[in-house]
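Colleague: Protein chains in written order, with this note's numbering: chain A, 1 to 404; chain B, 1 to 194.
No wet-lab data here; the hints were simulated from the structure.
Remember, it's a predicted structure, so these values are computed and weren't measured experimentally.
Treat the hints loosely; a few may be bogus.
[Claimed, not checked] Simulated pairs of lysine-lysine, DSS-like, Cα-Cα distance not exceeding 30 Å:
hint, chain 1, residue 1, chain 2, residue 2
1, B, K76, B, K122
2, B, K45, A, K127
3, B, K122, A, K262
4, B, K115, A, K262
5, A, K161, A, K262
6, A, K382, A, K127
7, B, K46, B, K76
8, A, K127, B, K76
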Amino acid sequence: MAKLALREIEGRSRGYWTLFGAVTALIAAGLVAAWQMETEGHIITGMNNQIVWGAPHVFAVFLIVAASGALNVASIASVFGERYYKPLAPLSGWLAIALLIGGLAVLSLDLGRPERLIVAMTHYNFKSVFAWNMFLYTGFFAVVALYLWTLLDRAGFGYVKPAGLATFVWRLVLTTGTGSIFGFLIAREAYASAVLAPTFVALSFSYGLAVYLVALITVCAGSGRALGEAVLGRLARLLGWFIVAALYFVMVLHLTNLYVAKQTGVERFLLLEGGVYTSAFWIGQVGLGSALPLVLVWHPGLRTSRAAVLAAALLVILGGLAQMYVTIIGAQAYPLDLFPGFDIRSSFYDGVINPYAPSLPEVLLGVSGLAIAAWVTLIGVKFLRLVPESASEEALAAQAGSGA
Amino acid sequence: MLVDTTRCTNGCTACVDACRGENGLPAATWPTDPQWIRKVELREKKTGRAHSLPMMCQHCAHPPCVDVCPTGASFKRADGIVLVDRHTCIGCRYCMMACPYKARSFVHENLTGQKPDVPRGKGSVEACTLCVHRIDRGAQPACVEACGTAGFAALVFGDLNDPSSEIARRVRERATSQVRADLRLDTAVRYQGL
Numbered sequence: 001m002a003k004l005a006l007r008e009i010e011g012r013s014r015g016y017w018t019l020f021g022a023v024t025a026l027i028a029a030g031l032v033a034a035w036q037m038e039t040e041g042h043i044i045t046g047m048n049n050q051i052v053w054g055a056p057h058v059f060a061v062f063l064i065v066a067a068s069g070a071l072n073v074a075s076i077a078s079v080f081g082e083r084y085y086k087p088l089a090p091l092s093g094w095l096a097i098a099l100l101i102g103g104l105a106v107l108s109l110d111l112g113r114p115e116r117l118i119v120a121m122t123h124y125n126f127k128s129v130f131a132w133n134m135f136l137y138t139g140f141f142a143v144v145a146l147y148l149w150t151l152l153d154r155a156g157f158g159y160v161k162p163a164g165l166a167t168f169v170w171r172l173v174l175t176t177g178t179g180s181i182f183g184f185l186i187a188r189e190a191y192a193s194a195v196l197a198p199t200f201v202a203l204s205f206s207y208g209l210a211v212y213l214v215a216l217i218t219v220c221a222g223s224g225r226a227l228g229e230a231v232l233g234r235l236a237r238l239l240g241w242f243i244v245a246a247l248y249f250v251m252v253l254h255l256t257n258l259y260v261a262k263q264t265g266v267e268r269f270l271l272l273e274g275g276v277y278t279s280a281f282w283i284g285q286v287g288l289g290s291a292l293p294l295v296l297v298w299h300p301g302l303r304t305s306r307a308a309v310l311a312a313a314l315l316v317i318l319g320g321l322a323q324m325y326v327t328i329i330g331a332q333a334y335p336l337d338l339f340p341g342f343d344i345r346s347s348f349y350d351g352v353i354n355p356y357a358p359s360l361p362e363v364l365l366g367v368s369g370l371a372i373a374a375w376v377t378l379i380g381v382k383f384l385r386l387v388p389e390s391a392s393e394e395a396l397a398a399q400a401g402s403g404a
Numbered sequence: 001m002l003v004d005t006t007r008c009t010n011g012c013t014a015c016v017d018a019c020r021g022e023n024g025l026p027a028a029t030w031p032t033d034p035q036w037i038r039k040v041e042l043r044e045k046k047t048g049r050a051h052s053l054p055m056m057c058q059h060c061a062h063p064p065c066v067d068v069c070p071t072g073a074s075f076k077r078a079d080g081i082v083l084v085d086r087h088t089c090i091g092c093r094y095c096m097m098a099c100p101y102k103a104r105s106f107v108h109e110n111l112t113g114q115k116p117d118v119p120r121g122k123g124s125v126e127a128c129t130l131c132v133h134r135i136d137r138g139a140q141p142a143c144v145e146a147c148g149t150a151g152f153a154a155l156v157f158g159d160l161n162d163p164s165s166e167i168a169r170r171v172r173e174r175a176t177s178q179v180r181a182d183l184r185l186d187t188a189v190r191y192q193g194l
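Isolated chain A, as found in the complex:
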């Protein structure tokens, strides 16, 4: 069989424009929210001097972690030489860029002084993990763009392997850097753990593949392209293993914290007594975000069903957002232990669990990050050859066999 062609989608259907209109509206709402936050200040958010990172960070960090993981399929194709996945790789690369744009947009617009972004690009403190990440993020765009070129332009075909390898290494370093933003924080008991960096890498695998599956299923369904049951089944099974890997690291993180006597308080809070955070962990992250998708992707009768895999992927995304809520906000809700062995109280809310209720503007800003990622993806699949004409088992297997 001949080489499997990649093709743009027509992008003229009512469904395409409805989706495009919806995400554009969400982006507009997010921009209005950001403008309000800029003019009136963070006073209109639920954030305060106790919960300093709120809902926007939940979405932004999720998107940045997912950006790295979206490259899973590309890495499998180009680094591990699985030619079967090669036609599925360009969408993987494009999604990575789209998700990172979404995440960084939210992160930037949530700054107290977003207009000073240029300062962040011209003044660097190289001891700061944040500053490293600025290089990791911009470098990620460059490396993935180069990789996409090797996938899409005949002139670049010969460089696919090294470009794929560079991208693979970069994405691992990037997610390690994102995890280290939290892992190096000695002040907060829920953080200050070296395990956070590999945990974020594991999370990126499952979040990214989940987002990829949502995009692939949506594009194939919307453009009437075949998506083989076996293809779906393989990716779904892989998602299952990534969920297990993520759960393993999360378990190790909590168990090691429980082992350290001074950190049992925060673990007790997050796992047992934390109210919304405990619910977000057990119901959101573990139940809906891990256990239920595992059933869906590992049940032999379900994992080849588009609806079941789509549901599993969406649940992983929901669970990921729940996880970020626990990791980012739960950790701040638990009070700092300034004087171990003492009960403490003050006008600055020392010693109390800090309440947090996200306001509409900050939620809109966060959601607009997802919308930006979707918007960039919709533009990409309409104007670039990112998706194969057919993702049927036969087409992919024949393409792999043909050496194309």
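Given chain A, put chain B in place with the hints provided.
Modeller: Just chain B, lined up with the frame of chain A:
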């Protein structure tokens, strides 16, 4: 700065009030209001022994806020005072996440009635400056002065590196402790009587 907690009285907020007046800060009404210094009431869980003391930026020799600041807006002066450059702070609040003392505040809203000596800015982070504008002209920080005026003299400010200074002498004569000494940040604020 030395804090003699045996002289600090529960209920007295002279230092907090002085700081607010000196730096043009609003009353601490909401969780979004800045508090550069606060009174902390402690009770030892095992013994019930109570302490009252002021808590502010500890001006660490190895400040985590300076380490994590991506732009270098958080910085330590040559004399050890930790400050925020309002012109390069982008308001990412990473320093607030990193500070073990919860010493920093974020300016959440538009400001009015600022003091000329203490410029502040919506969207940037701020904290105790040890009244750098006063000490640079040879005066004491407002909190230290107010504590003395109130008759407690629980706060002593000076140069720890000058062996002849009062603070160096008192630190030499009586044991002091650092808050969260386990973190080894080598704080410039020392406490006695804890």
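Colleague: It remains to establish, for every hint, whether it holds in the given structure.
Modeller: Going through the hints against the structure:
no.: 1; hint: B:K76 / B:K122; result: holds (22 Å)
no.: 2; hint: B:K45 / A:K127; result: violated (38 Å)
no.: 3; hint: B:K122 / A:K262; result: violated (36 Å)
no.: 4; hint: B:K115 / A:K262; result: violated (42 Å)
no.: 5; hint: A:K161 / A:K262; result: violated (47 Å)
no.: 6; hint: A:K382 / A:K127; result: violated (42 Å)
no.: 7; hint: B:K46 / B:K76; result: violated (38 Å)
no.: 8; hint: A:K127 / B:K76; result: holds (14 Å)
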